[in-house]
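A.B. asks: Line by line, the protein sequences are chains A and B.
Quick note, my numbering runs 5 ahead of the 1-based positions in the first sequence.
For the second sequence, counting from 1, position 128 maps to 118 in my numbering; every step adds exactly one.
It should be emphasised that the hints constitute simulated quantities derived from the structure, not laboratory data.
Take every hint as true, because none was put in to throw you off.
Sample of chain B residues with no beta-carbon within 10 Å of chain A, all distances over it, derived:
id: 1; residue: 22
id: 2; residue: 31
id: 3; residue: 63
id: 4; residue: 91
id: 5; residue: 95
id: 6; residue: 116
Okay, the calculated bits of chain A under chain B, using three or more residues with CB under 8 Å as the criterion:
id: 7; region: 11 to 22
id: 8; region: 37 to 50
Only a predicted model underlies this, so the values are computations on that prediction, with no experimental measurement involved.
All C-beta atoms, glycine included, are put in the ideal place defined by N, C-alpha and C.
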Amino acid sequence: MSGNEHLQLSISTEPDVVYVRQAVRKLASEIGFSLIDQTKLVTAASELARNALIYGGGGMATIEKKQQGTRTGVCLTIQDQGPGIENIEKALEDGYSTGSGLGLGLGGARRLSNEFEVKSAPGEGTTVSITRWL
Amino acid sequence: MYRIPILRVEEFLLVSIQTDLDDALAVKLQDDLTTAIATHHARGVIIDISGLEIVDSFIGRMLADISTMARIQDCHAIVVGMQPAVAITLVELGLSLSGVQTALHIDQGMRFLRRFLAGRDEEASDERE
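Make a model of the complete structure from these sequences and hints.
C.D. replies: In structure tokens:
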């Protein structure tokens, strides 16, 4: 995968969450991430992909290599067309869940990334973007 | 559908997860183990996760749920073989896996279970005397 290329994967079944994990792992390892950093990024990817599947009714993952000056990183964007998040601050709190989950997904993914951005509004779906630098 | 094998070793059940675990497979394993504990009257369960490259909140909860369900069935579960990178990530994720007994590897898990169950048997026979 070269500089501007990106990989798109659809998330509509449980095995798709595993494919997203595998694709993120592959890119992170190609770029030279340590095993610990790979594991953190892949775990964050797993949380976000599952959220898109469960709360967003499925979605799309975009995985790309990011170059910023001398820094290299992996950027993952997960987009769904679901009901959106009413209160993002609340959704980021540990232990808060509107479903049956543990409520660690979004906040945990934020802790496991260097950069984290959520865009969401009721009725307009959710887009979460995370970056981890090498 | 693929199932994770559950092996019987003496009075224990041994599960080694050597595949990428999706949520459906994790739930299936939980159900299969609960049934197997009852069927085999297992006194201990060893879950080897050395093949797992990540433990996220869903898999973490599965491990905690298995431990609780085993306890309710008078069986003791122990999770062994967690990779160091997985342990570090779990803490950052915010999962403490409280209530989940762990050991470094299968040998240690076996030794722990034998000691633990022998101790319990002794207590039970003391009470009878």
